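Participant: Protein sequence lines, in the order shown, are assigned to chains D and C.
Position 214 of the first sequence, counted from 1, bears residue number 214 in the working numbering, the numbering being contiguous throughout.
Quick note, the working numbering runs 1000 ahead of the 1-based positions in the second sequence.
No lab work stands behind these hints, which were simulated from the structure alone.
Source: prediction; values computed, not measured.
Glycine residues also receive a C-beta, built at the ideal position from the N, C-alpha and C atoms.
Hints may contain errors.
Here's a subset of chain D near chain C, in silico, CB distances under 8 Å, partners left out [unchecked claim]:
1. Asp20
2. Phe38
3. Arg43
4. Gln45
5. Ile109
6. Arg113
7. Asn128
8. Leu136
9. Ser210
10. Thr277
11. Asn278
12. Thr281
13. Val290
14. Ser307
15. Arg334
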Amino acid sequence: MNPRRVWVQCCKELVEFRRDRLTVALAFVLPVGMLLIFGFAIRLQIKNIPVAVQDFDRSAFSRDFIGRINASQELIAVPEPLDRSPLALLDAGNVRAAIVIPPGTQRAIAEGRAAPIQSIIDGSDVVNALTIEQILTATSAFVGAGYAPALAPANVTLQERIWFNPGGEEALFFVPGVYGVILAMFPTLLAAIVMVRDKERGTIVQAYASRLRASELIAGKCLALECVGLAEALAIMLIGWAVWGVHFAGDPVPLLIATPLMVCCQVLLGLLIGSRTNTVTSAIQAAGSVNSLVSFLLSGFLYPVSSMPLAFQWISFFVPARHYINVSRDAFVRGAGWPGAWSEVAALALIASILAVGAWVPMRRMQLAGAT
Amino acid sequence: MSGVFSWRRWLVLVRKEFEQILGNRQVLYILLFPPIVQVTILGYALNPLIKHVAVAIADESKSPASRDLVDAFTADGVFVPHAAGDDAASVYRAVQSGTIDAGLVIPADYAATIGRGGSPDVQLVFDGVNSYVANLGAGYASAIVQVYNARGAPVAPLSSEITFAYNPGLVTAWFFVPGLLGSILMITGLLASASASVREKDEGTLEQLLMTPASSLEVLLAKIAPLFSLFIVAMMASLALSRLIFGLPFRGDFPLFMGISSVYIVAAISIGILISTFVSTQQQVVLISIFTALPLMMLSGAFAPIESMPPAWQTVSLLNPLRHYISIARDIILKGVGLDVIWPDVLALGAFAVVAIWVSATRYRSQLR
Chain D
1 MNPRRVWVQC
11 CKELVEFRRD
21 RLTVALAFVL
31 PVGMLLIFGF
41 AIRLQIKNIP
51 VAVQDFDRSA
61 FSRDFIGRIN
71 ASQELIAVPE
81 PLDRSPLALL
91 DAGNVRAAIV
101 IPPGTQRAIA
111 EGRAAPIQSI
121 IDGSDVVNAL
131 TIEQILTATS
141 AFVGAGYAPA
151 LAPANVTLQE
161 RIWFNPGGEE
171 ALFFVPGVYG
181 VILAMFPTLL
191 AAIVMVRDKE
201 RGTIVQAYAS
211 RLRASELIAG
221 KCLALECVGL
231 AEALAIMLIG
241 WAVWGVHFAG
251 DPVPLLIATP
261 LMVCCQVLLG
271 LLIGSRTNTV
281 TSAIQAAGSV
291 NSLVSFLLSG
301 FLYPVSSMPL
311 AFQWISFFVP
321 ARHYINVSRD
331 AFVRGAGWPG
341 AWSEVAALAL
351 IASILAVGAW
361 VPMRRMQLAG
371 AT
Chain C
1001 MSGVFSWRRW
1011 LVLVRKEFEQ
1021 ILGNRQVLYI
1031 LLFPPIVQVT
1041 ILGYALNPLI
1051 KHVAVAIADE
1061 SKSPASRDLV
1071 DAFTADGVFV
1081 PHAAGDDAAS
1091 VYRAVQSGTI
1101 DAGLVIPADY
1111 AATIGRGGSP
1121 DVQLVFDGVN
1131 SYVANLGAGY
1141 ASAIVQVYNA
1151 RGAPVAPLSS
1161 EITFAYNPGL
1171 VTAWFFVPGL
1181 LGSILMITGL
1191 LASASASVRE
1201 KDEGTLEQLL
1211 MTPASSLEVL
1221 LAKIAPLFSL
1231 FIVAMMASLA
1241 LSRLIFGLPF
1251 RGDFPLFMGI
1261 SSVYIVAAIS
1271 IGILISTFVS
1281 TQQQVVLISI
1291 FTALPLMMLS
1301 GAFAPIESMP
1311 PAWQTVSLLN
1321 PLRHYISIAR
1331 DIILKGVGLD
1341 VIWPDVLALG
1351 AFAVVAIWVS
1361 ATRYRSQLR
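With these hints in hand, go ahead and build the complete structure from the sequences.
Facilitator: Spelled out as structure tokens, the structure:
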């Protein structure tokens, strides 16, 4: 590989990129816009979910029970007329659960007879359903204890502490994750288009006829796009710091190494897609829709990787965003540095080298015989 | 330009668009298979429940009583014990380094305190970096200890009998498939139509097309036709596969669902065409399409509940066609309810589709000026 030819190829790509003012603006404005939208809008903690309550008991107990539900601030109890069937309430879709407090509940509890409170939860939204179930179980245990004859005393006290993010600040969870998602998306798209556009316009033939080798062509394009990707990374991290105060919690070195590796992985993936597909439409579908969905959903950005079936945990090993998000969350929240991060950085390096070979192989015989 | 919509002219245009798409096998495969495969794979993989939470346990009491608590704690497989040393210090170190999700510390005097009839303190620390796992895990651990404490006690009179309507087993795929279906149709439809119409502009064939007597509405509807039929096929295949693999029920009116889905697909394709009228190169159109499609997906309730979003964003999301479509899809597929319940969403979606087609047809024509 001739470093000068790589450098010239890189400069050519950067000049081409810079000439298209609108694309330059989009390459920076869109990631920042996405960071702001996702950083502010994506939340997983549930608040103010309406649940219907049909109170047939109308006692001190039932008022207490309803008060306790409202106190959680996660659910809002909506009193409903007693003549409607609970399932019809759910069908109408205005409430996520229907709770029926049967007549005589308070008396039954005081006398130690079984007193079931019936709830039907809308299972069509599984995430909501799980939280509502947890809250209702805890509420009936808590309120029930106050009205029942003495139960056995609690004999184990669980002291729970949540470290690093004791307030459960959700921005601190999502913003470092969004960094990974953005870096998975934009560099790949730019790279795929750069590669396939050369092919569609036929300008790649000029490269075939020159002395440029495949490895030099890929290295040159990769270097240029790496610069763009790193500039994007810097921009979003500065915004993240300015808006949410997300800053380094400890040793920044793993992140400083992982970021260029991550951008490199995604750029190489884009070049690979570009060299394998023959039209812009297919390249865009592969680099745009498949890559972004996988980076979003199989990377642990939203729901933990450890909850997936084992086979998918293995597949997600090859998703660079998964490793990068782990490094990013460590650097900005935990601050532990290398002990937890080295394996992720190594995985990124491994994926980058696999992708480099993958991008080179289909191009390796690109030079016309006699061009050298 | 003639103002009347001519079916004959339109069919010729449709034939041209179909031949363009069918002429390229790669495009055909890439528009058809990834959506079908993604719905099933992601529907299978995504799981909002927490499982396999790695917990390091320091049992400093080393007594039958403490082993009993550890057994109760790890019995159902949500918390999986990982070796990280026997003392509290090494467990805390493991949590601090991020190699483990949680640490349970049972003090040395645990058995003795229980023997005296007291309440021993047990420490549970979570790595809060993943606040989702930490919050759910903390609630789950409290529930385990609550049950553990109540063992052997007389049955509490108040009980909570909970059933889940529509999805009694809480199969997560039933929840995710309608959302994935809508999301994937949105992102694929938007990208495909946007890039196809920019290409026409790039190659200069758009001028030729707009020079013909065909009205811009005819040209536009002809462009929509092949993508539309591809996505209808992809959607039916995804639903059939989900039924086979996850046992996804279809409780509602199938023709109603297909009708509403058609409106939705047309809306997604029109947004793509609308985007293409603002830009001139492939790179720009792709960047903007992805930038449009992903927030639409993430703020639609497909993956995380709408109710969790900040109130202002919940209001903004009323403008999101995907939000209405997913709500309709879940209502028809899982709940089996009809138009009497879903009409507000249908109305919103229909209004959106009409506006999207009208605006894109207007902009499409004015591109030449």
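Participant: Broken hints, numbered, in rising order?
Facilitator: Hint check: 9 fails alone, others pass.
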